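Peer 1: Sequence:
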Amino acid sequence: MGKANEVLDFWFVECEPKHWFQKNKGFDREIERRFVDVYRRACACELAHWRARPEGRLAEVLVLDQFSRNLYRDRPEAFAQDALALALAQEAVAAEADQSLEPAQRAFLYMPYMHSESALIHEEAVRLFDQPGLEHNLKFERRHREIIERFGRYPHRNELLGRQSTEEEQAFLKQPGSSF
731 MGKANEVLDF WFVECEPKHW FQKNKGFDRE IERRFVDVYR RACACELAHW
781 RARPEGRLAE VLVLDQFSRN LYRDRPEAFA QDALALALAQ EAVAAEADQS
831 LEPAQRAFLY MPYMHSESAL IHEEAVRLFD QPGLEHNLKF ERRHREIIER
881 FGRYPHRNEL LGRQSTEEEQ AFLKQPGSSF
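Basically this note's numbering = 1-based index in the sequence shown + 730.
It is worth saying that the hints were derived from the structure and are not from the lab.
Predicted model, so just to flag it, every value in this text is computed and none were measured.
Honestly, I wouldn't trust all of these hints.
What the hints assert, rightly or not - Quick list of in silico lysine to any residue cross-link-like pairs, SDA-like style, CA-CA up to 25 Å: (1) Lys869 <-> Leu903; (2) Lys748 <-> Arg875; (3) Lys753 <-> Ala778; (4) Lys753 <-> Gln835; (5) Lys755 <-> Asp739; (6) Lys733 <-> Phe809; (7) Lys755 <-> Cys745; (8) Lys748 <-> Tyr884; (9) Lys869 <-> Cys745; (10) Lys753 <-> Leu850; (11) Lys755 <-> Val823; (12) Lys904 <-> Gln894; (13) Lys753 <-> Arg781; (14) Lys755 <-> Leu890; (15) Lys748 <-> Glu760; (16) Lys755 <-> Pro806; (17) Lys753 <-> Arg875; (18) Lys755 <-> Gln835; (19) Lys869 <-> Gln894; (20) Lys869 <-> Lys733; (21) Lys755 <-> Arg805; (22) Lys869 <-> Gly892; (23) Lys753 <-> Phe902; (24) Lys753 <-> Ser895; (25) Lys733 <-> Phe751; (26) Lys755 <-> Asn888.
Stated by the list, open to error - Computed spacing ranges between beta-carbons, pair by pair: (27) Pro806 <-> Glu776: 29 to 37 Å; (28) Gln829 <-> Phe881: 27 to 35 Å; (29) Gln752 <-> Pro806: 14 to 22 Å; (30) Glu876 <-> His779: 34 to 42 Å.
Ideal placement from N, C-alpha and C gives every residue a C-beta, glycine not left out.
Can you make the complete structure from the sequences, with help from the hints?
Peer 2: Printed below as a string of structure tokens:
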């Protein structure tokens, strides 16, 4: 599981939580330097052997869901692997692979649910994040779900994805804290 362990050590040991959710070009470049080849292999579904262990499943999801956002920040490619990451997370949950992970790890296994633009997926996301140790994440999931319920998508992605924003979405995006 060598490279999977490298992914997990990087994300959960080397990095501080402040790195996970803020824009930082240096951090993005570090992920590119160390993990772009792993990312390409994950996109090609060449890391299926990682799924034999819950930690490997998590590492693959991290690469597809989180590293993609760092590697392709402010570009449409940042979201290109969301469906695959979600499918892998769903498989992990169905196999109960999430149950052996620590809360911080589980939060990232569940993150593809939060990133989904499906209201149905967000129903499941609320259930998954409603666990001890994930209260902070649950708060953010509820905010994400409210946006999906209101607009059926994330308006802050519209420009990047070439989608036309409605007047209501444009007004929403002018509000502080409307983007993630």
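Peer 1: Does each hint hold? Answer for all of them.
Peer 2: Verification of the supplied hints:
no.	hint	result
1	Lys869 <-> Leu903	20 Å, holds
2	Lys748 <-> Arg875	23 Å, holds
3	Lys753 <-> Ala778	30 Å, violated
4	Lys753 <-> Gln835	21 Å, holds
5	Lys755 <-> Asp739	20 Å, holds
6	Lys733 <-> Phe809	23 Å, holds
7	Lys755 <-> Cys745	14 Å, holds
8	Lys748 <-> Tyr884	23 Å, holds
9	Lys869 <-> Cys745	23 Å, holds
10	Lys753 <-> Leu850	29 Å, violated
11	Lys755 <-> Val823	32 Å, violated
12	Lys904 <-> Gln894	16 Å, holds
13	Lys753 <-> Arg781	29 Å, violated
14	Lys755 <-> Leu890	18 Å, holds
15	Lys748 <-> Glu760	15 Å, holds
16	Lys755 <-> Pro806	17 Å, holds
17	Lys753 <-> Arg875	23 Å, holds
18	Lys755 <-> Gln835	24 Å, holds
19	Lys869 <-> Gln894	28 Å, violated
20	Lys869 <-> Lys733	32 Å, violated
21	Lys755 <-> Arg805	14 Å, holds
22	Lys869 <-> Gly892	29 Å, violated
23	Lys753 <-> Phe902	21 Å, holds
24	Lys753 <-> Ser895	24 Å, holds
25	Lys733 <-> Phe751	23 Å, holds
26	Lys755 <-> Asn888	22 Å, holds
27	Pro806 <-> Glu776: 29 to 37 Å	23 Å, violated
28	Gln829 <-> Phe881: 27 to 35 Å	33 Å, holds
29	Gln752 <-> Pro806: 14 to 22 Å	21 Å, holds
30	Glu876 <-> His779: 34 to 42 Å	39 Å, holds
Going down the numbered hints, you'll see the structure goes against 3, 10, 11, 13, 19, 20, 22 and 27, while the others check out.
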